[in-house]
Amino acid sequence: MPELPEVSIQKLSKQFDGVEVLRDVSLEVQRGEVVSILGSSGSGKSTLLRCVNWLEQPDGGEIRIAGDRIGVKADGKAMNNRDLAKVRSQLGMVFQSFNLWPHLNVLHNVTEALIHVKGMKKAEAETLADELLAKVGMAEKRSNYPYTLSGGQKQRVAIARALAMQPRVMLFDEPTSALDPELVGEVLAVIRDLSQEGYTMIIVTHEMEFARNVSDQVVFLEKGKIIEKSAPEEFFVHPKTERVRQFLELDEKV
Amino acid sequence: MDSTAWSMLLNGAWVTLWISGVSIALGVSLGLIIALIRSAKIPFVHQVLGLYISIARATPLVTLVLFIFLSAPTLGINMDRSIAGILALTLNTTAFNAEIWRSAFNNFSNDQREAALAVGMTPGVYFRRIMLPQIVITSLPSLVNEMSFLIKGSPAIAVIGIVDLTRVTNRISAVTYEPLPPILAAGALYMVIIAALVWFQRVAECKANRLAM
Numbered sequence: 000m001p002e003l004p005e006v007s008i009q010k011l012s013k014q015f016d017g018v019e020v021l022r023d024v025s026l027e028v029q030r031g032e033v034v035s036i037l038g039s040s041g042s043g044k045s046t047l048l049r050c051v052n053w054l055e056q057p058d059g060g061e062i063r064i065a066g067d068r069i070g071v072k073a074d075g076k077a078m079n080n081r082d083l084a085k086v087r088s089q090l091g092m093v094f095q096s097f098n099l100w101p102h103l104n105v106l107h108n109v110t111e112a113l114i115h116v117k118g119m120k121k122a123e124a125e126t127l128a129d130e131l132l133a134k135v136g137m138a139e140k141r142s143n144y145p146y147t148l149s150g151g152q153k154q155r156v157a158i159a160r161a162l163a164m165q166p167r168v169m170l171f172d173e174p175t176s177a178l179d180p181e182l183v184g185e186v187l188a189v190i191r192d193l194s195q196e197g198y199t200m201i202i203v204t205h206e207m208e209f210a211r212n213v214s215d216q217v218v219f220l221e222k223g224k225i226i227e228k229s230a231p232e233e234f235f236v237h238p239k240t241e242r243v244r245q246f247l248e249l250d251e252k253v
Numbered sequence: 000m001d002s003t004a005w006s007m008l009l010n011g012a013w014v015t016l017w018i019s020g021v022s023i024a025l026g027v028s029l030g031l032i033i034a035l036i037r038s039a040k041i042p043f044v045h046q047v048l049g050l051y052i053s054i055a056r057a058t059p060l061v062t063l064v065l066f067i068f069l070s071a072p073t074l075g076i077n078m079d080r081s082i083a084g085i086l087a088l089t090l091n092t093t094a095f096n097a098e099i100w101r102s103a104f105n106n107f108s109n110d111q112r113e114a115a116l117a118v119g120m121t122p123g124v125y126f127r128r129i130m131l132p133q134i135v136i137t138s139l140p141s142l143v144n145e146m147s148f149l150i151k152g153s154p155a156i157a158v159i160g161i162v163d164l165t166r167v168t169n170r171i172s173a174v175t176y177e178p179l180p181p182i183l184a185a186g187a188l189y190m191v192i193i194a195a196l197v198w199f200q201r202v203a204e205c206k207a208n209r210l211a212m
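As given, the protein sequences belong to chains A and B, one line each in that order.
When we follow numbering that gives the first Met the number 0, the leftmost residue of the first sequence carries the number 0, and every step to the right adds one.
When we follow numbering that gives the first Met the number 0, the leftmost residue of the second sequence carries the number 0, and every step to the right adds one.
Treat the hints as calculated values from the structure; they're not laboratory data.
Remember, it's a predicted structure, so these values are computed and weren't measured experimentally.
Idealized CB from N, CA, C, for every residue including glycine.
A portion of the hints provided could be inaccurate.
[Unchecked claim] Pulled a few chain A residues facing chain B out of the computed Cβ check, cut under 10 Å:
(1) A84
(2) Q89
(3) M92
(4) F94
(5) H102
(6) V116
(7) P166
(8) R167
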């Protein structure tokens, strides 16, 4: 029996006030695969990612995480908060604006869900958190509060916080778009390390070079539809559609 | 003023303090509960609570105190004066506090909520661990403001015969025929109480600055 894909998106559609933001989107992500989602602003990239962990509820289609449907129970009814939380804890999400909790220091941002969702002992959670903070290069700042950190540092803590739950899949929603140019590198380096460790990841990004280097699959969204889905070499060297060619050329010119 | 007058005055201050204190404690927590229930927007319940808040906010404290104390016997309830006073103050301050909490809920960053849900927190855990600790601190200036309004409005309970810090000055001057000293002393005591509250608020505000992102 072939292994189930870690994430399977089938015929997903979503509207905001009658405007279609996703149309018939299907995508499969295998274990260990890194998929980059590209497209211009408003193409539906972030909405697609946010549907995967049900922060947005799609209007049609289905999403399965390792075979289990998210948002909808086997009997077709909507999942309750508890079930939803359980599925979501398998998906690590990293946001554009970091979304750290300002009342907790770096260490406690990472341990919070370990203790209060997973029910881990405090000491055990802190050991794990320290390991992860070391991995993202933030061990020294463990006692700092978020407001003392730079954007790049905040984002690295946010990545450690998501990793702590040992998710099957990591979702990155434009992780470097809110950063000063000189801080982008440190965050991309962490994500690159994760891809080498075999994490399954879906990354919405505007960083073309980065997408080209880390991805196994590149997906291009245009007006809510996937218009191109291919391996990075093919995508960046021989794009199939005029739209993607144009998009890549624009990127080069800047 | 002799020592008897002073001890009467301090007794009055104690009555003001404990009745206001109980009402504040009840009002802050009930206000939070009402704001929570309202945020669930349950039909009917939502409207009923909205109506309560509108009425309670529009009713003068003295009117409310009298209404509760006088209507209790007609309902066959034999109500103690202090209970009636606490009930009136609580009904009043709960409504204002519910609005303070509601506005704190509405202004709370949705980003933090999404981050909490994304790591697998249920809305309950999110509320307790992420939202509540922060809105307690950010709402404290408004809550303390409302507390000081309540204390300053508490002489209203004198209309049903409770001898509080204001009422007691009457009693003292009825004996001494000098109305000015006791009322000045009472004023000073009110200032001490409010100053303690304001100091408490300052400390909280220092903490709140840390949350400014």
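How the hints compare with the structure:
no.	hint	in the structure
1	A84	5 Å, holds
2	Q89	8 Å, holds
3	M92	4 Å, holds
4	F94	7 Å, holds
5	H102	5 Å, holds
6	V116	5 Å, holds
7	P166	9 Å, holds
8	R167	12 Å, violated
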